[in-house]
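Protein sequences appear in the order of chains A and B.
So the first sequence is numbered by our numbering: it starts at 23 and just counts up by one.
So the second sequence is numbered by our numbering: it starts at 110 and just counts up by one.
No lab work stands behind these hints: they were computed from the structure.
Watch out, some of these pointers could steer you wrong.
To be verified - Below are the SDA-like pairs computed for lysine to any residue, each with C-alpha atoms no more than 25 angstroms apart in a straight line:
| # | chain 1 | residue 1 | chain 2 | residue 2 |
| --- | --- | --- | --- | --- |
| 1 | A | Lys32 | B | Thr375 |
| 2 | B | Lys287 | A | Glu50 |
| 3 | A | Lys291 | B | Leu316 |
| 4 | A | Lys371 | B | Cys317 |
| 5 | B | Lys367 | A | Thr358 |
| 6 | B | Lys367 | A | Gly349 |
| 7 | B | Lys367 | A | Ala366 |
| 8 | A | Lys32 | B | Lys356 |
| 9 | A | Lys30 | B | Asp348 |
| 10 | A | Lys108 | B | Glu114 |
| 11 | B | Lys313 | A | Lys403 |
| 12 | B | Lys530 | B | Gly483 |
| 13 | B | Lys434 | A | Asp558 |
| 14 | B | Lys287 | A | Glu624 |
| 15 | A | Lys30 | B | Met355 |
| 16 | A | Lys32 | B | Met355 |
| 17 | A | Lys85 | B | Arg342 |
| 18 | A | Lys403 | B | Leu378 |
| 19 | B | Lys313 | A | Pro198 |
| 20 | A | Lys363 | B | Thr375 |
| 21 | B | Lys219 | A | Leu113 |
| 22 | A | Lys371 | B | Tyr369 |
| 23 | A | Lys197 | B | Tyr429 |
| 24 | A | Lys363 | B | Lys287 |
| 25 | B | Lys287 | A | Leu49 |
| 26 | A | Lys197 | B | Leu378 |
| 27 | A | Lys30 | B | Trp357 |
| 28 | B | Lys384 | A | Pro198 |
| 29 | B | Lys287 | A | Pro198 |
To be verified - Derived CB-CB ranges, DEER-like:
| # | chain 1 | residue 1 | chain 2 | residue 2 | range |
| --- | --- | --- | --- | --- | --- |
| 30 | A | Arg254 | B | Pro315 | 33 to 39 angstroms |
| 31 | B | Phe308 | A | Gln115 | 34 to 40 angstroms |
| 32 | B | Asp233 | A | Leu599 | 49 to 55 angstroms |
All residues carry an ideal CB built from backbone N, CA and C; glycine is no exception.
In case you want the letters, here they are:
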Amino acid sequence: MGPVVDPKAKRYDRQLRIWGTHGQQRLESCCICLLNCGPTGSETLKNLVLGGIASFTIVDGQKVEARDLGNNFLVSASSLGEPRAKVVTELLQELNESVSGSYVEEVPEVLIADNPEFFQSFDLVIATQMREQDMTKLDDICRATGRAKLLIVRSYGLVGYLRASLPEHRIVESKPDSQLDDMRLNQPWPELVAFAASFDLASADDVTHAHTPYVVILLQAASAWRSAHGGRLPGTSAEKAAFKASVNGMRRTADGVPLQEENFDEAAKAAFHVYGTYEIPKEVRGLLEDEAAGPRLRADSDEFWVLVAALRAFVEGEGQGTLPLEGSIPDMHATTDLYLKLQAVYREKAERDTAAVEAHVRQILGRLGRPADSISRETIKLYCRHARHLRCVRYRSLAEECSPETARGEALAAALRAGGGSGGRGGGDLGAPPCCDGALYVLLRAADRFFAQTGRYPGAPAALSPGAGASEVDPADDIPLLRQAAMQVLSDAGLGPNPRKSPDSGAGGGLGGLGGGGGAGGGSLPGTAAGAINEDLLAEVCRAGAAELHVVAAFMGGVAAQEAIKLVTRQFEAIKLVTRQFVPVAGTLIVNSMAATTTVLEL
Amino acid sequence: MDDAERWRDLDLLLTRAGRLVGPGFEPGPELREFLQSPDCRVLCVGAGGLGCEILKDLALSGVVHIDVIDMDTIDVSNLNRQFLFRMKDVGQPKATVAAERINARVPGVKVTPVFGRIEDQPADWYRSFSLIILGLDSLEARRYMNSVVCGFLEYDDEGQPDQSTIKPMVDGGTEGFKGHARVILPGFTPCFECTLWLFPPQTKFPLCTLAETPRSPAHCIEYAHLILWGQVRPGEEFDTDNEEHMKWVYERAAERAKQYGIQGVTFQLTQGVVKNIIPAIASTNAIISAQCVLEALKTLTCFSTGLDNYMMYVGSSGLYSLTTKYDKDPACPVCSPGVPLDVDPDATLQQFIDQLLADPSLGKHLSAPSVSYGSTNLYAHGIFEADTRPNLSRRMGDLVADDGAVLTVNDKRLRGPMRVKVRYGSAMRA
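Chain A on its own, in the form it takes in the complex (with noise of 0.2 angstroms):
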């Protein structure tokens, strides 16, 4: 690039500088429907708005109230009485001329009962402020779609939820934070091998010699001590230290003293490069193992399978279970031409591999049926180049998160008793600490189910239609019946002192049966589940109200556009937790903004 820079590489480089522009292309040619323009909808949407996207549409069924000019900075005083969904996208717009806005003045419930074909159009769907059963006919539609990437975000009091909903997130050019170089010192390919050889340490003077690129220094170790222990490498730990000592043997040394050499650093620091053998990631390993590259692969397969089956043929053909070298080095103490010949080795290596790869590509191409030239050679490149962090994460459909049937009551019993906090800090097994973050998604459900029966939520006002008055309410009264409704949350997950067999009888308005404790008792697991759900959250959940705060939903709508923008620049790994077998699996978000911490559940 030259130093004539364009308005919009000037505008957007400080997130450029994360995701580049390929990433900004995908974000640039992404079309959003945001249902509720709340201050949860409307901040999220700014952010994203902000960034580039194509365009937006707003679907929200209300007008702007005195309500919205206390937690929403998207309307303005001059609006009042106006339809918000007009309001929001007017201002939105002055955020960023070249994202086009429109808005659908209607309730979005009512467009998923009455015109799912509404969702056709776009790429991702956020839904915000939405109930379970609506979001679960909303997930139905958004994946019949064959397009639209479903998130649900929502700010309730103090507590946070987000959920993305797909069939599969597939991430191609994953940013990880730390990795460790591909250097192949354990199992060096030929050429690097006579590269490394080419060298005489012993005869090279004293610049060259403090100058030689660790790499070389290694492999020379390394070649060492193999022909002294039977050509095996290092194992033992012992061996492992008798090895570093080899290396820092080789300094060059003036009056029996080692001569300050960076490069002889180096390569004691990098020596574990030798003796660590090379395993392919265990997710990688998972993914090339997927039916979907397998069996299941098809002429419409995703050029994602394509190309991981590709990699399948080229780990078990050519590279003799390795993938293909990524081929960049980390920089390292040596001159420039020696470090730049070490470079090219590395490079050449690596388009000996891509370009393996994509024979494959291109016979599996022919086998399916589809052009050989549908995949280009830039995006094979790409693949190979990041081979060791694909990734492909799978969600559950809400239906199956929140059926009894499906529900996996287990992990949910597992999150109330491990508590608050990443980490899982505090709780143990302990008994459930007062603040449990798997509590609060149940909670939530609770919630809605409280709604259901009474067309208001738990402490609540009674009226949040516009123009009637907020009668009082005592949030103390609504405890039992939120209580009961999460008693029967955790019934459907298979929970609970009292599992109902038939979801759907009701709670039948009734205070009796669950009350007192919410059934904490006996050590039992469901029983220690329960317990979770103690007195102090309850009363929390109803002291809130449903109330939308300003600075949760500032929260959550960064939450939310960060991961709208992971979904659609697939470049990072989504909101997920990884199983023992590390499989990354989906997961829920719960934000305690009562405690500062994060929760991510599996369920």
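Following the hints, position chain B against chain A.
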């Protein structure tokens, strides 16, 4: 407009009793009245990516009297996240424009801008705020503000912080998809100086690599920037905001890269390396600012349990956050009630002062220290210098009889007193 209806959501939490609340929470309409009153003044330091969000979040959390200070003007590259600014504002002061926009949008809010340096404001100005929120991008500015609020802190005779001198400060910071929010209550929670290790040192290239063995595009860029500029344009100060200067460095770097066969010098990379640009996006700023203002609101009203005392947020791979209670450093030169220091009772006051100046932790905060013990000046620069000079040759054990006494050290490099706890014990045993 109906104020009660407007603040309906906030009032639910401010007027109702709760179970998980801060100490001394007293629900009622008085809390919002307090937030809206001139008794509650909040300062936002910085009107950039975090500052714009913080101002909006404060205004929509019921706070009316807000000041904002920033010395920068608006640049095109701010517009991907600093949502209060438009293309036509480029070149205008950030603080002024941000204040105008918030005042125009949120009825009743009074944001007062200061277009200037934080170092140019008097201590009393900072003292006048109920709470300070930092939306900064440099460690040095954070340390400065830290020294300001810790400078207000006073301890009683038992070494307990005097509540009335505590200036709460909330700090946020972001880089790419990551960020942190923390609450600093001087005397109670660690201050910046206590946890400086949280900020890793910047990597710098050795000059000999730049001059003799360049291997990467960054080496070529830093050669042009750090070595060639001074040789070719001596006496001329390099200005990172001057397009011609940046272009010059880019072109020289590109020439050098070509000469050595190194690929990858671009104008974008040149700017990134020379200005040490930190990637920044709207969403992360929104998250961190919201957490900061939420914690500010908790500190001001106690309406919910507060963050104690540090939250790290990592959104780059999945979502990970860690809420940690860091510990104060008992030897913190800025906030400790008494940094323990082993002193030889036979040493003179002059030798004690020399010991302070030579101390690896304390010395860098001092240039010409004055020392007092209680209300007695042991040695003071200025008008008492002549009176106290004779003490310099006196024995410490005679000047300060009590082992474990806390001496107060003042210096023009400090914005508050440094407290040093004199320990004779080990020296006497020796």
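Hint check:
1. Lys32/A - Thr375/B: Holds, at roughly 14 angstroms.
2. Lys287/B - Glu50/A: holds (23 angstroms)
3. Lys291/A - Leu316/B: holds (22 angstroms)
4. Lys371/A - Cys317/B: violated (31 angstroms)
5. Lys367/B - Thr358/A: holds (12 angstroms)
6. Lys367/B - Gly349/A: holds (21 angstroms)
7. Lys367/B - Ala366/A: holds (16 angstroms)
8. Lys32/A - Lys356/B: holds (15 angstroms)
9. Lys30/A - Asp348/B: holds (23 angstroms)
10. Lys108/A - Glu114/B: holds (22 angstroms)
11. Lys313/B - Lys403/A: violated (32 angstroms)
12. Lys530/B - Gly483/B: Judged against 25 angstroms, a Cα distance of about 12 angstroms means the pair holds.
13. Lys434/B - Asp558/A: Roughly 23 angstroms between the alpha carbons, so the hint for Lys434/B and Asp558/A holds.
14. Lys287/B - Glu624/A: holds (23 angstroms)
15. Lys30/A - Met355/B: holds (19 angstroms)
16. Lys32/A - Met355/B: Holds, at about 14 angstroms.
17. Lys85/A - Arg342/B: violated (62 angstroms)
18. Lys403/A - Leu378/B: holds (22 angstroms)
19. Lys313/B - Pro198/A: With Cα atoms ~23 angstroms apart, Lys313/B and Pro198/A stay inside 25 angstroms; holds.
20. Lys363/A - Thr375/B: holds (22 angstroms)
21. Lys219/B - Leu113/A: holds (21 angstroms)
22. Lys371/A - Tyr369/B: holds (22 angstroms)
23. Lys197/A - Tyr429/B: holds (16 angstroms)
24. Lys363/A - Lys287/B: violated (37 angstroms)
25. Lys287/B - Leu49/A: holds (20 angstroms)
26. Lys197/A - Leu378/B: holds (18 angstroms)
27. Lys30/A - Trp357/B: Distance ~22 angstroms between Lys30/A and Trp357/B Cα, so the pair holds.
28. Lys384/B - Pro198/A: Holds, at roughly 24 angstroms.
29. Lys287/B - Pro198/A: holds (13 angstroms)
30. Arg254/A - Pro315/B: 33 to 39 angstroms: holds (38 angstroms)
31. Phe308/B - Gln115/A: 34 to 40 angstroms: holds (39 angstroms)
32. Asp233/B - Leu599/A: 49 to 55 angstroms: holds (52 angstroms)
The structure fails to meet hints 4, 11, 17, 24 from the earlier list, while all remaining hints are met.
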